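Protein chains: 2
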Amino acid sequence: MEPYELTASEAARSIRDGRLTSEALVRSCLERIEARDPEIRAWIHVDPALALAAARDADKRLAGNPSAVGPLHGVPFGVKDVIDTADLPTTHNSPIFQGHRPSRDAACVAIARSAGGILLGKTDTVEFASGGRKAATRNPVNTDHTPGGSSSGSGAAVGDRHVPLAFGTQTGGSHIRPASFNGIYGFKPTWGAVSREGVKHYAVSLDTIGWYGRSVADLALMAEAFRLEGMGETAPVPLAGLRVGVCRSPVWSSIEPAGEAALHLAALRLEAAGASVEPFELPADFSTLAEVQDVIRRGEGRAAFLDLYLGDRHRLHEELADHCEHNRGITARSLTEAYDVAGQCRARFAGLFERIDVILTPSAPGEAPKGLHTTGDHIFNGIWTVLHAPCLAMPCTHGPQGLPVGVQLVAPRFADARLLAMAGAMAAAVA
Amino acid sequence: MEPYELTASEAARSIRDGRLTSEALVRSCLERIEARDPEIRAWIHVDPALALAAARDADKRLAGNPSAVGPLHGVPFGVKDVIDTADLPTTHNSPIFQGHRPSRDAACVAIARSAGGILLGKTDTVEFASGGRKAATRNPVNTDHTPGGSSSGSGAAVGDRHVPLAFGTQTGGSHIRPASFNGIYGFKPTWGAVSREGVKHYAVSLDTIGWYGRSVADLALMAEAFRLEGMGETAPVPLAGLRVGVCRSPVWSSIEPAGEAALHLAALRLEAAGASVEPFELPADFSTLAEVQDVIRRGEGRAAFLDLYLGDRHRLHEELADHCEHNRGITARSLTEAYDVAGQCRARFAGLFERIDVILTPSAPGEAPKGLHTTGDHIFNGIWTVLHAPCLAMPCTHGPQGLPVGVQLVAPRFADARLLAMAGAMAAAVA
Numbered sequence: 001m002e003p004y005e006l007t008a009s010e011a012a013r014s015i016r017d018g019r020l021t022s023e024a025l026v027r028s029c030l031e032r033i034e035a036r037d038p039e040i041r042a043w044i045h046v047d048p049a050l051a052l053a054a055a056r057d058a059d060k061r062l063a064g065n066p067s068a069v070g071p072l073h074g075v076p077f078g079v080k081d082v083i084d085t086a087d088l089p090t091t092h093n094s095p096i097f098q099g100h101r102p103s104r105d106a107a108c109v110a111i112a113r114s115a116g117g118i119l120l121g122k123t124d125t126v127e128f129a130s131g132g133r134k135a136a137t138r139n140p141v142n143t144d145h146t147p148g149g150s151s152s153g154s155g156a157a158v159g160d161r162h163v164p165l166a167f168g169t170q171t172g173g174s175h176i177r178p179a180s181f182n183g184i185y186g187f188k189p190t191w192g193a194v195s196r197e198g199v200k201h202y203a204v205s206l207d208t209i210g211w212y213g214r215s216v217a218d219l220a221l222m223a224e225a226f227r228l229e230g231m232g233e234t235a236p237v238p239l240a241g242l243r244v245g246v247c248r249s250p251v252w253s254s255i256e257p258a259g260e261a262a263l264h265l266a267a268l269r270l271e272a273a274g275a276s277v278e279p280f281e282l283p284a285d286f287s288t289l290a291e292v293q294d295v296i297r298r299g300e301g302r303a304a305f306l307d308l309y310l311g312d313r314h315r316l317h318e319e320l321a322d323h324c325e326h327n328r329g330i331t332a333r334s335l336t337e338a339y340d341v342a343g344q345c346r347a348r349f350a351g352l353f354e355r356i357d358v359i360l361t362p363s364a365p366g367e368a369p370k371g372l373h374t375t376g377d378h379i380f381n382g383i384w385t386v387l388h389a390p391c392l393a394m395p396c397t398h399g400p401q402g403l404p405v406g407v408q409l410v411a412p413r414f415a416d417a418r419l420l421a422m423a424g425a426m427a428a429a430v431a
Numbered sequence: 001m002e003p004y005e006l007t008a009s010e011a012a013r014s015i016r017d018g019r020l021t022s023e024a025l026v027r028s029c030l031e032r033i034e035a036r037d038p039e040i041r042a043w044i045h046v047d048p049a050l051a052l053a054a055a056r057d058a059d060k061r062l063a064g065n066p067s068a069v070g071p072l073h074g075v076p077f078g079v080k081d082v083i084d085t086a087d088l089p090t091t092h093n094s095p096i097f098q099g100h101r102p103s104r105d106a107a108c109v110a111i112a113r114s115a116g117g118i119l120l121g122k123t124d125t126v127e128f129a130s131g132g133r134k135a136a137t138r139n140p141v142n143t144d145h146t147p148g149g150s151s152s153g154s155g156a157a158v159g160d161r162h163v164p165l166a167f168g169t170q171t172g173g174s175h176i177r178p179a180s181f182n183g184i185y186g187f188k189p190t191w192g193a194v195s196r197e198g199v200k201h202y203a204v205s206l207d208t209i210g211w212y213g214r215s216v217a218d219l220a221l222m223a224e225a226f227r228l229e230g231m232g233e234t235a236p237v238p239l240a241g242l243r244v245g246v247c248r249s250p251v252w253s254s255i256e257p258a259g260e261a262a263l264h265l266a267a268l269r270l271e272a273a274g275a276s277v278e279p280f281e282l283p284a285d286f287s288t289l290a291e292v293q294d295v296i297r298r299g300e301g302r303a304a305f306l307d308l309y310l311g312d313r314h315r316l317h318e319e320l321a322d323h324c325e326h327n328r329g330i331t332a333r334s335l336t337e338a339y340d341v342a343g344q345c346r347a348r349f350a351g352l353f354e355r356i357d358v359i360l361t362p363s364a365p366g367e368a369p370k371g372l373h374t375t376g377d378h379i380f381n382g383i384w385t386v387l388h389a390p391c392l393a394m395p396c397t398h399g400p401q402g403l404p405v406g407v408q409l410v411a412p413r414f415a416d417a418r419l420l421a422m423a424g425a426m427a428a429a430v431a
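Protein sequence lines, in the order shown, are assigned to chains A and B. Note that the first sequence ends on residue 431 in full-length UniProt numbering; no numbers are left out. Note that the second sequence ends on residue 431 in full-length UniProt numbering; no numbers are left out.
Treat the hints loosely; a few may be bogus.
Residues of chain A clear of chain B, computed beta-carbon distances all greater than 12 Å [unchecked claim]:
id, residue
1, GLU10
2, ARG101
3, ALA106
4, GLY192
5, GLU197
6, GLU229
7, LEU242
8, VAL251
9, SER276
10, ASP294
11, GLU354
12, LYS370
13, HIS373
14, HIS398
Covered stretches of chain A (chain B as the covering partner; in silico rule of three or more C-beta atoms under 8 Å from a C-beta of chain B) [said to hold, decoys possible]:
id, segment
15, 296-304
16, 333-340
Here are some chain B residues pointing at chain A (derived, C-beta under 8 Å) [unchecked claim]:
id, residue
17, ALA110
18, ARG346
19, ALA347
Keep in mind the hints are simulated off the structure, nothing from the lab. Computed from a prediction, not measured in an experiment: that's the story for all the values here. A virtual CB, placed ideally from N, CA and C, is assigned to each residue, including glycine.
Between the sequences and the hints, there should be enough to build the whole structure, so can you do that?
Below, the structure is given as structure tokens:
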């Protein structure tokens, strides 16, 4: 087994135990990228010398004081290119930011580094994680298909084992959907639990940083680095008796046969493994939340793009400039109404978990669509993003075209640690 | 009259009409700063050569195409030093950021520049606009007193006529309070209406960028640059019959005699000028909002400072590091409850304006306190910040110590243009 094949948690343990050096792991990842990325195109920028120097430094620090290392010690991670890095350019896949070098790391990058992580490189993204130009990234399972987006490169890089961990972002469904399309695990924490400082704004009351891994333990490792409440204090959850609410969600009409089959299969497998599985429905008025997400995204996008619209309009994609112009008639009034519906539903959401522990729901309509002109539909993600709820994508099965199809778990706000613990109990049964 | 004495709107008009050059105005401001700032200490960084070059360029552009200039053409502005500027260091008044040079302007700086404004320099601030180290700035009216904070330098610089416009920020009462203490006008727009990209995070669901001027027209000029909804389309408001609700607010027990006198005087003057003035009370349950503000500020502050806490703890002020440690027992549960109360009150707030057009309420307990160890109390501001409401500070009178005491106007979310129009009608009567 090559080091690049290890999950982040396996790699972290091996490094800590002295069975693997960070340098060997990083070198293995770099070789994998060299072999695969000409076809996959997950990465916009990789600096091998910089990553190797950081890895050697991590190896030295471990030798000096093995008890003082953080949870990610020596483990490389990728960063979606809408997130600032001081050592590498940050382009947002925008003509305006080509060659742009931020002066500091975004808070999430700094925290991952403080936890011992090694910045490997920047991954391709839809322009500003918003709209306009797509990533050049291809789905590693079938390169004729999209890896999803906007976190296209991060999803494909983790899926194709270029790197064990990577950051993405989600405003609608930019993080959870690519996890499903690439057959990997993805975690979007509660809104606000992780600082977005140094990350391009799109819709500030929705934008959330997430991360990808190849196991639930990988996701937990990063959650530990961010010191999410309850991490390290949450007991393992037994699968027996865990109450799983299967939620088709108010946008079920958008489901495809492969997505329906995955949800059904996950439910059956969980039930067979001892979980208590039952149907779960959101209250009827929650059905407006997909539209609410769209109004907030576009309404807040107006403020987010105004500086570029006024200062560099000809290089801002028409689709983004549009947020600053007629913007599909979204006004302060419709934005205010959307805020208030969102706020009311958020306040009621935790109360819906009386008879269930966790929601099981689609992570995407089905398999990754064909073509790189699309990143698929975020319709099964927007509702949960508006609710500020922690969401976790896990692999489940493959569709008729041989592409991965996952499912999504959702818990109440700030139940991040509990969601990770429940997912830890469910993953083996579901996959 | 020296050019530095002009308000922003007077200066903009004079420049547009060819009666004043931007260079002459900037030179006059620089001379004023040279004469006054050794005592006032409003500025952390001023680059005269850079500002003069930008002013000369503005003069040339005006000569070339007088019809194409923006609302702030040729007018200098100051920037609170928690806001990124590409040409000048951004220190956050923190030892961690000494000499730090961001690679790009914050969105608000870029937009002010797109509107023709000239960046004059960076103003002193409470550390990270949060806590810890105070600004060195003194109140221009009496240098033994604080100018307020955390937007200390911006408030004093506009008050002492170093610059006609300046940006501040508000998470609790960091913007409106200094306006009152310095005898100037201040505007805090609706939360989210102005991009905070490139501004230090503190509490992301509260942080708001505001600006100072020496007239309501100055505030409107900047609001135009930000294209706030309704600007340029809102008809002048007649003072006669304007329904003003005088709100002592649920924190009235913190009022001082000078604050009480100012509120009373403003109400009397407005009534004498033809407004319809009546008492106004917030519903009883709104009284928790001051506490809600504190919980959200501290709860979100935990995520905001974690990167510095983990990476540079010994240089992060103890008061800020505390957000990442015990944090006065604030948990995910108390933060969630605070979010929900805030959301419910926000949704109901506009409905309270059935019988009134605008709220008149204290902007601070009274005069600026003595000493630079304090910036005064934000107790009269936090409620409105939580409500995401646009707030406008206007001068009213002076207290027993000869220091200015203002009042505050508040309107429903996104009624920014209407609030500016109402304030335009009220200002002459109130002052």
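Taking the hints in turn, this is what the structure says about them:
no.: 1; hint: GLU10; in the structure: holds (24 Å)
no.: 2; hint: ARG101; in the structure: violated (6 Å)
no.: 3; hint: ALA106; in the structure: violated (8 Å)
no.: 4; hint: GLY192; in the structure: violated (6 Å)
no.: 5; hint: GLU197; in the structure: violated (5 Å)
no.: 6; hint: GLU229; in the structure: violated (5 Å)
no.: 7; hint: LEU242; in the structure: holds (21 Å)
no.: 8; hint: VAL251; in the structure: holds (23 Å)
no.: 9; hint: SER276; in the structure: holds (26 Å)
no.: 10; hint: ASP294; in the structure: holds (16 Å)
no.: 11; hint: GLU354; in the structure: holds (16 Å)
no.: 12; hint: LYS370; in the structure: holds (35 Å)
no.: 13; hint: HIS373; in the structure: holds (29 Å)
no.: 14; hint: HIS398; in the structure: holds (37 Å)
no.: 15; hint: 296-304; in the structure: holds (count 3)
no.: 16; hint: 333-340; in the structure: holds (count 5)
no.: 17; hint: ALA110; in the structure: holds (4 Å)
no.: 18; hint: ARG346; in the structure: holds (7 Å)
no.: 19; hint: ALA347; in the structure: holds (4 Å)
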